[in-house]
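> Assemble the complex: chain A is given as a structure, and chain B must be docked to it using the hints.
Top line first, the protein sequences correspond to chains A and B.
Residue numbering for the first sequence follows the numbering used here, beginning at 1 and increasing consecutively.
Residue numbering for the second sequence follows the numbering used here, beginning at 1001 and increasing consecutively.
Be aware that a few hints might be false.
As the list claims (entries may be wrong) - Short derived list, chain B residues pointing at chain A, Cβ under 8 Å: (1) P1014; (2) Y1095; (3) W1109.
Said to hold, decoys possible - Distance windows between CB atoms, simulated: (4) B:S1007 <-> A:L40: 21 to 31 Å; (5) B:G1026 <-> A:T52: 19 to 29 Å; (6) B:K1076 <-> A:S12: 40 to 50 Å.
It is worth saying that the hints were derived from the structure and are not from the lab.
Built from N, CA and C at the ideal position, the CB exists for glycine as well.
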Amino acid sequence: DIQMTQSPASLSASLEEIVTITCQASQDIGNYLSWYQQKLGKSPQLLIHSATSLADGVPSRFSGSRSGTQYSLKINRLQVEDTGIYYCLQHYSAPYTFGAGTKLELK
Amino acid sequence: EVQLVESGGGLVQPGRSLKLSCLASGFTFSNYGMNWIRQAPGKGLEWVASISSSSSYIYYADTVKGRFTISRDNAKNTLYLQMTSLRSEDTALYYCARARRPLDYFDYWGQGVMVTVSS
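Next up, chain A with everything else stripped away, as it sits in the complex (with noise of 0.2 Å):
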């Protein structure tokens, strides 16, 4: 099974800085790699797919890139908003895995 390690688990930041979450594949899996992010008692919603598009309708602040098997997703600017777990997601192969998550808080 494909393993998804997703750094850091949790991270405070201040309104308007940028944010970087990181999911690292341990094989292979292309551009199979989405993003969700998940709010306070909330269904997931899609931000990020194939590794780089923006979701329709999701703020052009958020942003997906991939170097190798590391994929990350970027926030410039945070808003109050986008408090939440962030999740990866990689629909290469099944067992589709998710990272563990990353809880973002706002300082």
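Relative to chain A, chain B alone:
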């Protein structure tokens, strides 16, 4: 508007069975793959099962293989998860989610339905 509405959850004793449903609307259900993902209380997300648009391809997590069965009825726009031999570790909020095809990302999620396995 795409909508996914799960139902069928509840409290069930260990070893018993339960069947979840996910009613889809706002899109052509028969054109999309569907998935079940669960989240234990206070924990992260765990993918459970996937089914292709025509039910030709089905995948399961090892933790549920042999106990859970994913299925769909395209005429009723409904996805199912038949859960048998339930264990306490199956206690979770179960989400259904849409994907364009097998091995694809999940672009829409339902609100989730709670399953509690306890005596």
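> Each hint: holds or not?
Quick rundown of the hints versus the structure:
1. P1014: Interface hint status for P1014 (chain B): violated (24 Å vs cutoff 8 Å).
2. Y1095: 6 Å, holds
3. W1109: 4 Å, holds
4. B:S1007 <-> A:L40: 21 to 31 Å: At 23 Å between Cβs, range holds.
5. B:G1026 <-> A:T52: 19 to 29 Å: 27 Å, holds
6. B:K1076 <-> A:S12: 40 to 50 Å: 47 Å, holds
The earlier numbered hint that this structure contradicts is number 1, and it is the only one.
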